[in-house]
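**Q** Here is how the chains run, residue by residue.
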Amino acid sequence: MSSRRAPRGEYIETDTGNKVARKATLVGTQNIMLGGKTVIQPEVMIRGDLIRTAQAPSQAAAGAAPNNTAVSIGRYCFLSRGCCLRPPGRPYKGAFTFMPLRIGDHVFVGASTVVQAATIGSHVHIGSKVVVGEFAIIKDYVRILDGTIVPPHMVIPSFSIVAGQPARLIGEVPEGGIDAFELRDLYKTVGNNPHPAPV
Amino acid sequence: MSKRHSLHPGSSSNTAAPPKPPVHLSSSLTIADSTLLAGTHTISLHGETVIHPRARIESHLGRVSVGRKCIVHERAVLGAAPVSSSSAAAAVVRRGGGGDGASGGDGAPAGVTLADYVTVEVAAVIEAGETVVGEGTVVGVGSRVGAGAVIGKHCTLTPHSEIAAGEVVPDSTVVYANGMRRTDKRGVAELKNKTMARQIDMLRRMIPSNPAKFA
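Here the protein sequences come in this chain order: Y and H.
Each step along the first sequence adds one to the number in the working numbering, with nothing skipped, and position 191 is 191.
Each step along the second sequence adds one to the number in the working numbering, with nothing skipped, and position 179 is 179.
Because the hints were derived from the structure by calculation, they are not lab data.
Don't take every hint at face value.
[As the list claims (entries may be wrong)] From the derived model, a few chain Y residues whose C-beta atoms are all more than 10 Å from chain H:
| no. | residue |
| --- | --- |
| 1 | Ser80 |
| 2 | Gln165 |
| 3 | His195 |
[As the list claims (entries may be wrong)] Here are the computed distance ranges between Cβ atoms for each label pair:
| no. | chain 1 | residue 1 | chain 2 | residue 2 | range |
| --- | --- | --- | --- | --- | --- |
| 4 | H | Thr195 | Y | Leu169 | 23 to 33 Å |
| 5 | Y | Glu172 | H | Glu167 | 38 to 48 Å |
| 6 | H | Asp171 | Y | Lys23 | 33 to 43 Å |
| 7 | Y | Gly36 | H | Leu36 | 52 to 62 Å |
| 8 | H | Leu191 | Y | Thr53 | 12 to 22 Å |
Here a beta-carbon is modelled for each residue, glycine too, at the ideal position from N, C-alpha and C.
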């Protein structure tokens with residue numbers, strides 16, 4: 001009877017609509033938060049095991065349970081094949097600690113890109129073979145072109161287009177260019193029973 | 001219900017796993033379970049070094065030696081086969097002329113040697129062929145170091161840098177922006193090593209180590 005069983009799909013689809021490829025490498029899954037409707041393609045690597053070891057003083061004083069989230073990802077994000085998300089790390093009060101990596105909604109991460117940012121806003125498009133350095137802060141509606149190297153600690157303001165090695169501001173997102181960041185349609189084109197892309 | 005057999009090599013007992021390379025692992029080493037060690041020559045990893053998950057160390061072409069307090073990040077490849085035949089030839093020429101004693105004791109023809117305090121970042125590739133990386137050097141994300149290249153002490157290769165085969169990079173060089181070079185005159189080598197020691201202290205507690213798997 002087991003041969004009648006439907007073949008296992010390439011993706012695991014969760015109740016909240018996340019599509020996680022079976023061939024993705026998620027280390028420390030308990031510390032990775034997915035907001036829902038997020039696509040994780042094969043060969044993606046997320047380092048959830050690199051958690052924060054030094055707690056913020058306010059939390060330590062309140063005696064609250066430590067928040068161990070290493071990587072949090074919003075809704076409708078798309079992580080392309082071979083990209084790697086890892087939390088940034090730095091010395092803090094005499095010890096080395098990692099800090100959480102926060103990603104907003106509708107964020108596209110291209111193939112073979114390595115992201116070590118502190119914060120990525122919503123509606124951000126990161127091309128392929130990009131390196132986002134440690135503790136970079138990327139605001140909303142930003143487009144990072146292919147092959148860009150965003151240096152550590154860089155802050156990219158909203159509505160900018162950056163490119164180069166190291167990254168420089170090369171333009172602004174035009175007035176009507178906001179809809180291009182929407183990833184709902186892209187989300188439907190992958191998964192175990194994908195819909196064709198709208199023409 | 002019969003047990004489904006995995007297609008992955010080595011995960012089931014009846015498939016012949018490729019032979020493990022001879023290893024020389026320090027007792028204070030931190031090596032993640034999913035690290036890949038392959039090849040036929042000796043792989044020696046010295047004390048307090050941290051190897052992240054999914055790093056690949058290949059000794060098909062020669063001995064791979066990693067010094068003390070190094071960090072090898074995920075998806076980094078040490079000892080990759082050179083991409084072009086000219087790079088292999090360059091390595092041979094250099095070996096014939098110099099022979100600086102960097103080769104291992106087991107008559108390794110073309111390996112990789114990392115000194116102490118070396119960081120190999122995510123997805124960086126260091127080709128085999130008597131390649132040497134000096135103390136305190138950082139090989140940036142996705143960089144490629146060609147076969148037979150000799151990188152000096154305290155160099156910084158920014159992400160996606162390419163070092164040609166057989167090239168000699170002097171001490172304290174910073175390679176940035178598509179191959180531009182400058183000399184690092186900050187003199188913060190000691191501080192960098194100290195920070196790295198702290199980072200290693202923490203990573204050792206964070207990454208579950210399983211050296212027994214490779215022995």
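**Q** Does each hint fit the structure? Answer for all of them.
**A** Right, here's what the structure says about each hint:
{"no.": "1", "hint": "Ser80", "in the structure": "14 Å, holds"}
{"no.": "2", "hint": "Gln165", "in the structure": "5 Å, violated"}
{"no.": "3", "hint": "His195", "in the structure": "29 Å, holds"}
{"no.": "4", "hint": "H:Thr195 - Y:Leu169: 23 to 33 Å", "in the structure": "30 Å, holds"}
{"no.": "5", "hint": "Y:Glu172 - H:Glu167: 38 to 48 Å", "in the structure": "40 Å, holds"}
{"no.": "6", "hint": "H:Asp171 - Y:Lys23: 33 to 43 Å", "in the structure": "42 Å, holds"}
{"no.": "7", "hint": "Y:Gly36 - H:Leu36: 52 to 62 Å", "in the structure": "33 Å, violated"}
{"no.": "8", "hint": "H:Leu191 - Y:Thr53: 12 to 22 Å", "in the structure": "21 Å, holds"}
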